[in-house]
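**Q** Residues per chain, in single letters:
Protein chains: 2
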Amino acid sequence: MLGARRLLGALRLCSSVSCPRPRASAKMRVRDALRVQDARGECVTVQGWIRSVRSQKEVLFLHVNDGSSLESLQIVADSSFDSRELTFGSSVQVQGQLVKSQSKRQNVELKAEKIEVIGDCEAKAFPIKYKERHPLEYLRQYPHLRCRTNALGSILRVRSEATAAIHSYFKDNGFVHIHTPVLTSNDCEGAGELFQVEPSSKIKGPKESFFDVPAFLTVSGQLHLEVMSGAFTQVFTFGPTFRAENSQSRRHLAEFYMVEAEISFVESLQDLMQVMEELFKATTEMVLSHCPEDVELCHQFIAAGQKGRLEHMLKNNFLIISYTEAIEILKQASQNFAFTPKWGVDLQTEHEKYLVRHCGNIPVFVINYPSELKPFYMRENEDGPQNTEVA
Amino acid sequence: MLGARRLLGALRLCSSVSCPRPRASAKMRVRDALRVQDARGECVTVQGWIRSVRSQKEVLFLHVNDGSSLESLQIVADSSFDSRELTFGSSVQVQGQLVKSQSKRQNVELKAEKIEVIGDCEAKAFPIKYKERHPLEYLRQYPHLRCRTNALGSILRVRSEATAAIHSYFKDNGFVHIHTPVLTSNDCEGAGELFQVEPSSKIKGPKESFFDVPAFLTVSGQLHLEVMSGAFTQVFTFGPTFRAENSQSRRHLAEFYMVEAEISFVESLQDLMQVMEELFKATTEMVLSHCPEDVELCHQFIAAGQKGRLEHMLKNNFLIISYTEAIEILKQASQNFAFTPKWGVDLQTEHEKYLVRHCGNIPVFVINYPSELKPFYMRENEDGPQNTEVA
Numbered sequence: 001m002l003g004a005r006r007l008l009g010a011l012r013l014c015s016s017v018s019c020p021r022p023r024a025s026a027k028m029r030v031r032d033a034l035r036v037q038d039a040r041g042e043c044v045t046v047q048g049w050i051r052s053v054r055s056q057k058e059v060l061f062l063h064v065n066d067g068s069s070l071e072s073l074q075i076v077a078d079s080s081f082d083s084r085e086l087t088f089g090s091s092v093q094v095q096g097q098l099v100k101s102q103s104k105r106q107n108v109e110l111k112a113e114k115i116e117v118i119g120d121c122e123a124k125a126f127p128i129k130y131k132e133r134h135p136l137e138y139l140r141q142y143p144h145l146r147c148r149t150n151a152l153g154s155i156l157r158v159r160s161e162a163t164a165a166i167h168s169y170f171k172d173n174g175f176v177h178i179h180t181p182v183l184t185s186n187d188c189e190g191a192g193e194l195f196q197v198e199p200s201s202k203i204k205g206p207k208e209s210f211f212d213v214p215a216f217l218t219v220s221g222q223l224h225l226e227v228m229s230g231a232f233t234q235v236f237t238f239g240p241t242f243r244a245e246n247s248q249s250r251r252h253l254a255e256f257y258m259v260e261a262e263i264s265f266v267e268s269l270q271d272l273m274q275v276m277e278e279l280f281k282a283t284t285e286m287v288l289s290h291c292p293e294d295v296e297l298c299h300q301f302i303a304a305g306q307k308g309r310l311e312h313m314l315k316n317n318f319l320i321i322s323y324t325e326a327i328e329i330l331k332q333a334s335q336n337f338a339f340t341p342k343w344g345v346d347l348q349t350e351h352e353k354y355l356v357r358h359c360g361n362i363p364v365f366v367i368n369y370p371s372e373l374k375p376f377y378m379r380e381n382e383d384g385p386q387n388t389e390v391a
Numbered sequence: 001m002l003g004a005r006r007l008l009g010a011l012r013l014c015s016s017v018s019c020p021r022p023r024a025s026a027k028m029r030v031r032d033a034l035r036v037q038d039a040r041g042e043c044v045t046v047q048g049w050i051r052s053v054r055s056q057k058e059v060l061f062l063h064v065n066d067g068s069s070l071e072s073l074q075i076v077a078d079s080s081f082d083s084r085e086l087t088f089g090s091s092v093q094v095q096g097q098l099v100k101s102q103s104k105r106q107n108v109e110l111k112a113e114k115i116e117v118i119g120d121c122e123a124k125a126f127p128i129k130y131k132e133r134h135p136l137e138y139l140r141q142y143p144h145l146r147c148r149t150n151a152l153g154s155i156l157r158v159r160s161e162a163t164a165a166i167h168s169y170f171k172d173n174g175f176v177h178i179h180t181p182v183l184t185s186n187d188c189e190g191a192g193e194l195f196q197v198e199p200s201s202k203i204k205g206p207k208e209s210f211f212d213v214p215a216f217l218t219v220s221g222q223l224h225l226e227v228m229s230g231a232f233t234q235v236f237t238f239g240p241t242f243r244a245e246n247s248q249s250r251r252h253l254a255e256f257y258m259v260e261a262e263i264s265f266v267e268s269l270q271d272l273m274q275v276m277e278e279l280f281k282a283t284t285e286m287v288l289s290h291c292p293e294d295v296e297l298c299h300q301f302i303a304a305g306q307k308g309r310l311e312h313m314l315k316n317n318f319l320i321i322s323y324t325e326a327i328e329i330l331k332q333a334s335q336n337f338a339f340t341p342k343w344g345v346d347l348q349t350e351h352e353k354y355l356v357r358h359c360g361n362i363p364v365f366v367i368n369y370p371s372e373l374k375p376f377y378m379r380e381n382e383d384g385p386q387n388t389e390v391a
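In order, the protein sequences belong to chains P and G.
Going letter by letter, the first sequence gives residues 1 to 391 in the working numbering.
Going letter by letter, the second sequence gives residues 1 to 391 in the working numbering.
Keep in mind the hints are simulated off the structure, nothing from the lab.
Treat the hints loosely; a few may be bogus.
Treat identical chains as interchangeable: a pair holds within one or across any two.
What the hints assert, rightly or not - Keeping only pairs whose Cα atoms sit at most 30 angstroms apart, straight-line, the calculated BS3-like set for lysine-lysine is:
hint	residue 1	residue 2
1	K307	K374
2	K171	K281
3	K315	K27
4	K171	K27
5	K100	K171
6	K281	K57
7	K281	K307
8	K114	K57
9	K307	K171
10	K129	K374
11	K57	K374
12	K171	K342
13	K129	K111
14	K353	K111
15	K100	K353
16	K129	K331
17	K281	K100
18	K171	K315
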C-alpha cells in the first residue's frame with residue numbers, strides 16, 4: 001500500500017563495485033531544487049511522495065514532497081503520462097528539466113521526462129486524505145504516517161533545527177559536551193518521581209546481581225555536570241530525562257529532552273542569565289532563518305501569533321525582577337488567581353504567566369528568592385539569607 | 001579541599017542589575033590564550049586549576065589549566081607572590097599581561113599581576129599527585145576528580161568533538177535529526193537483552209497502570225527511524241541505547257550512544273556505504289584538526305599507534321569484499337582461529353580483525369551474506385537468496 005516501505009533499506013547490489021551505474025541526471029532534494037534561482041533546464045531527478053494531482057487540459061500538475069521542506073516541487077507533465085497510477089500518497093521518482101515557472105506561486109518547476117512510481121498508494125485505504133485537514137487527535141492513530149502531514153513535518157523539522165542550534169551555540173562558546181548517564185543511582189535533587197530499571201523478566205537468574213545498587217532513569221544530569229565543570233569549566237548536556245509522574249498534562253511527560261549547563265568561576269547571576277538569554281535567542285534565530293515556512297505554518301494553524309512573539313522576544317532584552325518585586329506586581333494585579341500571591345510562597349504557573357504578560361510578553365528572570373523556597377545547595381546572597389519580607 | 005567546589009554555582013548577586021562591575025581585564029580561556037600569535041601585553045584574566053608549580057631563583061612558574069585544552073598556560077610570577085597557597089590542584093584566578101614567552105616550549109605566557117586562590121587544595125588529601133602518572137584503575141575510584149587528569153580530559157574532549165562532528169555531518173548532508181524514544185514497547189530486531197522500566201517502588205498504587213504495556217529501554221531506534229524516513233527521506237538519531245547483558249568486556253555496556261541513519265530511495269548498497277565512509281572520515285578529520293594534542297596524548301599513552309592508523313584510514317578508500325571472498329581469505333590465513341571459518345557461518349571478532357589487517361588496516365565492508373545469516377527483513381539481492389556456496 002505505501003510507497004516508502006518498498007524502498008526502505010532497498011539495496012540493489014551491483015555486480016561490480018568499482019563501476020557504479022552512470023546517472024542520467026543529478027539527484028536533488030526538493031528543498032535545493034526550490035532554491036535554484038535562474039533555472040535553465042538543468043537535468044535533475046527528484047524523489048518523494050505525491051502531495052497533489054491536478055489535470056488541466058493537456059497538462060498534469062503534480063506536487064512532490066520529500067520532507068526536506070514544507071514546500072513541494074511542482075511537476076509539469078504532458079498528456080503522454082498515465083495519471084491513473086499517479087495518486088496522492090504514492091512515492092515517485094521524477095526525472096526532468098528544472099525550468100522557470102510560468103506561475104507566480106513558485107520560482108521553478110520540473111518539466112517531467114520520466115515518472116516512475118516506486119510505491120503506489122490506494123486512496124481508499126490510506127488514512128490521510130487529499131486536501132483534508134486532519135485533527136492531531138485523528139493523526140495520533142497513525143504514528144507511522146502522520147509525519148507526512150504538514151503539521152507534524154514542520155514540527156519535527158523545527159525540532160531538528162533547534163537541536164542543531166543548541167549544539168552549535170554551546171560549541172561556539174567553548175562548552176564541552178558531556179553525555180551524562182541515563183542509568184544512575186542518584187535521584188539528583190529529588191526533581192521528580194523515578195523510574196526504576198531492571199533486566200527484563202525474560203532473563204534468568206537473580207536480577208539483583210545486575211547492578212549492585214537500585215538503578216533509576218535520570219531526572220537530571222546536574223550532579224554529573226557539576227563534577228565535570230570542575231575540570232572543563234564550561235560543560236553542557238542535552239539528553240533524555242525521565243519522570244514517573246502519572247499526570248496527563250502539557251507539562252508532564254514520562255520522557256523528554258533537557259538542556260543543562262554548568263559553568264565554574266561564574267562571578268554573578270547575570271553571567272548565567274546572559275548565557276540562557278543568548279542560547280534562547282541564537283536557537284530562535286536559527287529556526288526562524290532556516291525554517292521560515294515551517295514557523296509560518298505553526299503560526300497560522302498550530303500556535304496562533306507565535307511568530308510575532310518570537311520576533312518580539314528577539315528584539316528585546318530579557319527582564320530581571322526580584323522575587324519581592326514579582327509578589328508586589330501580582331498583589332496589584334486586577335486578575336483573580338486561584339492561588340493568592342503571598343511573600344514566602346512559591347510562584348504558580350498562573351503567576352508566571354501573568355508576570356510575562358505584565359512585562360510585555362518578554363521572558364522574565366525572577367531572582368533573589370527567599371532561601372527557604374530553594375534547595376539547600378543554592379548559594380546565598382552575600383547579605384545573607386532573606387526569609388522575611390523587606391521593604 | 002577542592003577549589004572547584006566552592007565556585008560551582010557560585011553566584012554572587014549584585015544589588016544593581018543594569019550596572020555590572022567593570023572588569024579590569026578580559027576573561028580568556030587557556031585554549032584561546034595559547035593561540036595568541038604576537039602577544040603584546042594584552043591585559044587578560046585566566047581561571048583554572050594549578051597543574052604545576054616551580055620556583056626558580058626569584059621567579060615562580062605555574063601552569064594553569066581550565067580544561068579547554070590539554071596544554072596549560074604558563075604563569076610567570078615574581079617573588080612578591082606567596083607560593084605557599086599556590087599548590088597543585090588549587091583553583092586560581094590570574095590577572096596579568098599576555099607576553100611572548102622566552103622559552104621555546106610555548107608561544108605565550110601570562111606575566112602575573114594578581115593571583116587569587118579561589119579554592120585551595122591540600123596535597124596530602126588530594127588523591128591525584130603532582131607529576132605522577134596514575135593508572136586508570138586507580139582513577140576509577142575518583143569519578144569526581146579523574147577528569148582533571150590529562151588522559152580523561154583528552155578522551156572527553158575528543159568525545160565532545162566527535163559528537164559535534166557527527167551532528168554536523170548529518171546536518172550538512174540534509175538529514176533530519178529525530179529523537180527516537182528511549183522508553184519503548186518494541187524490542188526492535190531482538191538486538192539484545194532488554195531492561196524493563198517501572199515506576200520506582202516508592203510510588204504507591206498499582207504500577208501496572210503507568211504504561212498500558214510492558215515498557216523497555218530501547219536497543220535501537222531503527223524501527224522508528226524507518227517510519228520517519230518515509231516522510232523525511234534522510235533521517236538520523238544519535239542517542240543512548242541499552243543492553244541488559246551482564247558481560248564484563250570491552251564490547252558490552254549497559255548504556256552506550258549509537259548513531260543510526262535511514263535513507264529512503266537508496267539505489268544501491270554502495271550509496272549507503274558511501275555515507276558511512278564519509279561520516280567516519282568527516283568525524284575523524286574534525287577530531288584530528290580540532291584536538292591534535294589530545295589525539296597525540298592518546299597515541300602516545302593510551303592507544304599506541306592510533307594516530308597513524310587514523311591518518312592511514314583517511315588517505316584510503318574503504319574496501320568492499322563479498323562474504324564468499326572473506327571466507328576464502330580466512331581459509332587461506334596462516335593464523336589459527338578459535339572458530340574455523342566456514343561458508344554459511346557468521347564471522348567472529350577474530351575473523352573481522354584478521355580481515356582488516358589483511359586489507360592493510362583499512363575498514364572493510366563485507367557484503368552479500370548468505371540470506372540465512374541475516375534478519376528476515378533484509379532485502380535480497382536481485383539474483384535471489386544465496387544460501388549455498390558458489391564458485
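**Q** Next step is simple, just say for each hint if it's right about the structure.
**A** Checked hints:
In this homomeric assembly, K307 and K374 never come within 30 angstroms of each other (Cα to Cα): the closest approach is 34 angstroms inside a single copy and 49 angstroms across copies. With identical chains, the CA atoms of K171 and K281 are at most 30 angstroms apart both within one copy (15 angstroms) and between copies (20 angstroms). When the C-alpha separation of K315 and K27 is checked against a cutoff of 30 angstroms, the pair qualifies only between copies, where the shortest distance is 27 angstroms, while the shortest distance within a copy is 40 angstroms. Taking the shortest alpha-carbon separations for K171 and K27, only the inter-copy value of 18 angstroms comes in at or below 30 angstroms, while the best intra-copy value is 32 angstroms.
In the homo-oligomer, the alpha carbons of K100 and K171 lie at most 30 angstroms apart only across protomers (28 angstroms), although the nearest pairing inside one protomer, at 40 angstroms, exceeds that limit. Taking the shortest Cα distances, K281 and K57 never come within 30 angstroms of each other, neither inside one copy (50 angstroms) nor across copies (52 angstroms). Only within a single protomer do K281 and K307 lie at most 30 angstroms apart by alpha-carbon distance; the minimum there is 13 angstroms, versus 39 angstroms between protomers. In the homo-oligomer, the alpha carbons of K114 and K57 lie at most 30 angstroms apart inside one protomer (20 angstroms), although the nearest pairing across protomers, at 83 angstroms, exceeds that limit.
Within a single copy, K307 and K171 get their C-alpha atoms as close as 27 angstroms, and across copies as close as 24 angstroms, so both meet the 30 angstroms cut-off. For the homomeric pair K129 and K374, neither the shortest alpha-carbon distance inside one copy (52 angstroms) nor that between copies (37 angstroms) is at most 30 angstroms. For a Cα distance limit of 30 angstroms, the shortest separation of K57 from K374 qualifies neither inside one copy, at 71 angstroms, nor across copies, at 51 angstroms. In this homomeric assembly, K171 and K342 never come within 30 angstroms of each other (Cα to Cα): the closest approach is 42 angstroms inside a single copy and 48 angstroms across copies.
When the C-alpha separation of K129 and K111 is checked against a cutoff of 30 angstroms, the pair qualifies only within one copy, where the shortest distance is 26 angstroms, while the shortest distance between copies is 72 angstroms. Within a single copy, K353 and K111 get their C-alpha atoms no closer than 52 angstroms, and across copies no closer than 51 angstroms, so neither meets the 30 angstroms cut-off. When the C-alpha separation of K100 and K353 is checked against a cutoff of 30 angstroms, the pair qualifies neither within a copy, at 49 angstroms, nor between copies, at 54 angstroms. Proximity of K129 and K331 under a CA criterion of 30 angstroms is satisfied in neither setting, with 52 angstroms inside one chain copy and 58 angstroms between copies.
For the homomeric pair K281 and K100, neither the shortest alpha-carbon distance inside one copy (36 angstroms) nor that between copies (38 angstroms) is at most 30 angstroms. Taking the shortest alpha-carbon separations for K171 and K315, both the intra-copy value of 24 angstroms and the inter-copy value of 28 angstroms come in at or below 30 angstroms.
Hint violations for this structure: numbers 1, 6, 10, 11, 12, 14, 15, 16 and 17, all remaining hints satisfied.
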